[in-house]
Structures are given as structure tokens and as C-alpha cells.
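Asker: Chains A and B are the protein sequences, given in the same order.
In terms of our numbering, the first sequence is residues 1 to 320.
In terms of our numbering, the second sequence is residues 1 to 105.
A portion of the hints provided could be inaccurate.
[Unchecked claim] Derived DMTMM-like pairs (lysine to aspartate or glutamate); straight-line CA-CA distance at most 25 Å: (1) B:Lys-59 to A:Glu-245; (2) B:Lys-59 to A:Glu-282; (3) B:Lys-59 to A:Glu-76; (4) B:Lys-59 to B:Glu-4; (5) B:Lys-59 to B:Asp-7; (6) B:Lys-59 to A:Glu-242; (7) B:Lys-59 to B:Asp-99; (8) B:Lys-59 to A:Asp-115; (9) B:Lys-59 to B:Glu-26; (10) B:Lys-59 to B:Glu-79.
Derived from the structure by calculation, the hints contain no laboratory data.
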Amino acid sequence: MNNISNASQSASQQAQPDKPDGLALRLARGALRLYPAAWRARYAEEVTLVLRASHVTGWTLIDLALGALDAHFHRELLPGRLLSMAHRLRTSDIVIFCGYMLYALAWAAMTFVRDPLPEWERATAAHPTLLLAYDTMDLAGLVATLAFLAGGLPILWSVIAQTLRRRQPRVIFALLAPVALVVIFVVFALLTVQYSTTTVPHTQNGQLTPLAFALQMALLLLFLLTFVGGIAAMSYAVAHSEVSERLLRYTLIPGAVVTLALIFGLLTTVALSVVIATEAPEVASSFGQPIVIIMMLAGVALAVSALWRGLRAARGGAGA
Amino acid sequence: MPSEFNDLGRFTDVALLILLSLAGGEKHGYAMMEDIAQFSGVTFEAGTLYGALLRLERKGWITALPAEDRRHPYRLTAEGAIVLRQRLATLRQIVATGDARQALA
Numbered sequence: 001m002n003n004i005s006n007a008s009q010s011a012s013q014q015a016q017p018d019k020p021d022g023l024a025l026r027l028a029r030g031a032l033r034l035y036p037a038a039w040r041a042r043y044a045e046e047v048t049l050v051l052r053a054s055h056v057t058g059w060t061l062i063d064l065a066l067g068a069l070d071a072h073f074h075r076e077l078l079p080g081r082l083l084s085m086a087h088r089l090r091t092s093d094i095v096i097f098c099g100y101m102l103y104a105l106a107w108a109a110m111t112f113v114r115d116p117l118p119e120w121e122r123a124t125a126a127h128p129t130l131l132l133a134y135d136t137m138d139l140a141g142l143v144a145t146l147a148f149l150a151g152g153l154p155i156l157w158s159v160i161a162q163t164l165r166r167r168q169p170r171v172i173f174a175l176l177a178p179v180a181l182v183v184i185f186v187v188f189a190l191l192t193v194q195y196s197t198t199t200v201p202h203t204q205n206g207q208l209t210p211l212a213f214a215l216q217m218a219l220l221l222l223f224l225l226t227f228v229g230g231i232a233a234m235s236y237a238v239a240h241s242e243v244s245e246r247l248l249r250y251t252l253i254p255g256a257v258v259t260l261a262l263i264f265g266l267l268t269t270v271a272l273s274v275v276i277a278t279e280a281p282e283v284a285s286s287f288g289q290p291i292v293i294i295m296m297l298a299g300v301a302l303a304v305s306a307l308w309r310g311l312r313a314a315r316g317g318a319g320a
Numbered sequence: 001m002p003s004e005f006n007d008l009g010r011f012t013d014v015a016l017l018i019l020l021s022l023a024g025g026e027k028h029g030y031a032m033m034e035d036i037a038q039f040s041g042v043t044f045e046a047g048t049l050y051g052a053l054l055r056l057e058r059k060g061w062i063t064a065l066p067a068e069d070r071r072h073p074y075r076l077t078a079e080g081a082i083v084l085r086q087r088l089a090t091l092r093q094i095v096a097t098g099d100a101r102q103a104l105a
């Protein structure tokens, strides 16, 4: 193999890249103008050097013309579009995914507003707007989840199918990591549940034993690791896979629905917090609203900026 | 993987020759054409070469290195090497089947 390589390199060195342009070469260079701008930006200079070193014939011109047609018919392959279109759309999807996950965590935390349940039921009976705001927030979260699945599952399927076909070890690891983390978390929680809820005997407020406290802290850390690690691993898998431009364009629709639902959910959560603060302050003490709202706000900000970038990429690509 | 190779359409054969050429070391476009002509006797034009290079780059089977004297040398990637090995194994299987059936005929 090395001999072949050396032979070819010496052959190329013998070529004369700077010989004056003849008519055939000028025509060939003219044929390069038939190619799309993105193709010319990447390859034209290189091809010109190849043409100068080669013997340009009529067939060379026909071949270049056919190549130009091919490049126009397969614009999705062109280098500029790879970055500006598929890459940007995929990044947009990944960021919307991260935004949704952050929001979903905050949304799950909002369920604690109903703890303790009798107190919550008394508050909603006295202030029906409280229940209305809570149900609306839940509905927004549900719509966002369904839209997220509508966009995310086809991408996940595409990534899995491609990974199985190509056997990319790192992507396989990235796809398996969230599953492994969830399994570890669940097994740890089940194994320690008996010890992590033990309270010190004869205390009024059910104070946890040191072991129980340590186990609960470990469980919290493990949960955060599972959450952040799972998101990072899935993002890596998608970022290192080729997802078709058509599918990426489609995901902008569920992505837009997710983003709108998150905005609506954030507004209803703020409204819920205001109702709680003004009409049912006894409920407010049971959960950390400011942290929840900050997390939701961060999730919404991520989703909005990613959707905006995705829409711009799609518009720019269509016009390119 | 073979079906992915066949996705290359009319560039399938040229792509295989390019991968084979790059298996022998990094090369720029003209050096590849010379090398391929030398080891296979197959010649093709610049339009065909760069149509195949575009697809191979897009698939991540080859990668362009920083330009040297306005020319980008290309290098076979690890994934490209796997694809090449699998393609050659398929071809060997075809040849073996052909030999066996020819012996029976």
C-alpha cells in the first residue's frame, strides 16, 4: 500500500499545476460556474488544480456538467448547508430537548404544592381559581410532553437505527448510559428505602437518623447525576448521528408546540404562585416556588432561543 | 453497512477505489486519480471524483485535512476503514462464490 501511495504522490508532484490555461481548461473552469455557490466555495479551487494537472477533454466537460447537475439535485450534501442547515437544526432540537427536560423537572416539583393533600383540598375548595390555575399548568405540561414525544421519538428511532447499522461504540454507550443510570437509581432507591426513611425514635417532627439523612442525600445526588448525565448522553448521541434534513425540519413543528406550551405553562405557574401568595398563603410554605419558577424560566428561555435559531436556519436553508 | 455503501448510487465503484487509495495514505485529488489509475487501471474525470469525495466526506468515511498549497489532502477515517474492510469482505465472498460456481459449470 505504501508503495502505491508513494508512487501516486510522486506522480502528482510531476504534474504541472501552473501551466497556462488552454481553451479546454478555460471551458472546464467555465463549467465549474455551473455548480452551486456552496460547492464552488469548497471545491472549485481544488478542482481547478486537478484540471490543470490533467488532460482536459470533451468528456471532462460533460463530466463536470453532469457533476454540476448532481450537485444541484443533492443540495443537502453541500458543505455549507451541512453547517447552516442540518447542523443548526439538530442543535436547535437538542437545546429544545434540554429546555423541556429542565421545565419538566420543575413541573414535577410543582406537584408538591398539593402536599399535604387535606390542606390543598381545603384551599382549592375556598379558592376555585387555585385549582383552575393548577389544572391549566398541568394541561400545558401534558401538551408539551405529547409534542416532545411526537418530535423526539422519530429522532430517537433514527439515531438508534443508524447506530445499530454503523456500530458506533461511543454513540451506543451514550444511548445506553441514561438507561443504566435510571436502573442504578431505581435499584439504589429500592435497596435503601428501608433505611433512608428511618426516623429517630421519640421525636415529634420525625427527625431522620444520620444514616437515613446520608442515604437521602446520596439518593438526591444520584438523581441529579441521572438527570444531568442522561440529558448529556442523549444530546451527545443525537449530536453525533446523522439525522435527515427532512426529519429535522419536521421536528420544528412539535418543537414550536413544545415551546408554546412551556411559555403557557410558565405563565400559569406564575399565576398559580400569585393566587397562592394572595389567597392561600398557607399552601405556599410547602414548596419552593421561586426555584421552580426560575427553572421553568430557564427551560422556556432555552426552548425559545433554540426554536428561533431553528426557524432561522430552516428559512436560510430554503433560500440558499 | 453494505446497503449504506450502495446508497452512493453511481459513485459506488469510484468511492470504493477512493477508499482503497486513501488506505495507502493521505492524498489530494490528483494524487488519488493517479494512484487509482496505477493500481486498478480505472480512470475518471474530476467531476466524478469530487462527486464521490463530497459523499464520502458527508458520510464521515474520509476527512479533508488543512490545505497544502491550495489543495486539501484527504484521509481515511476509522469509520471509513471499517466500511472498506466490510466492502472488501463482501467482494471476496462474491469472488469465492463466482469461483465455486464456475468450477461446477
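Asker: Holds or violated: B:Lys-59 with B:Asp-99, Cα cutoff 25 Å?
Answerer: Roughly 33 Å separates the two Cα atoms, so the pair is violated.
Asker: Given the hint that B:Lys-59 pairs with A:Asp-115, does the C-alpha gap stay at or below 25 Å?
Answerer: Outside the cut-off at roughly 53 Å; violated.
Asker: Check the hint pairing B:Lys-59 with B:Glu-26 against an upper bound of 25 Å on the C-alpha distance.
Answerer: Distance of about 18 Å is within 25 Å: holds.
Asker: Need the status of pair B:Lys-59, A:Glu-245: alpha-carbon distance at most 25 Å?
Answerer: Cα-Cα ~14 Å, so holds.
Asker: Starting from B:Lys-59, check that the Cα of A:Glu-76 is at most 25 Å away, please.
Answerer: holds, 12 Å
Asker: Does A:Glu-282 sit within 25 Å of B:Lys-59, going by the straight-line distance between their CA atoms?
Answerer: Violated - the C-alpha atoms of A:Glu-282 and B:Lys-59 are around 60 Å apart, more than 25 Å.
Asker: Would you check the hint for B:Lys-59 and B:Glu-79, treating anything up to 25 Å between C-alpha atoms as holding?
Answerer: Since the Cα atoms of B:Lys-59 and B:Glu-79 sit roughly 9 Å apart, the hinted pair holds (cutoff 25 Å).
Asker: Given the hint that B:Lys-59 pairs with B:Asp-7, test it: the Cα-Cα distance must not exceed 25 Å.
Answerer: holds, 10 Å
Asker: Has the given pair, B:Lys-59 with B:Glu-4, been kept, meaning a C-alpha gap of at most 25 Å?
Answerer: holds, 9 Å
Asker: If you draw a straight line from the CA of B:Lys-59 to the CA of A:Glu-242, is it 25 Å or shorter?
Answerer: Cα-Cα ~8 Å, so holds.
In this structure, the hints that do not hold are numbers 2, 7, 8, in rising order.
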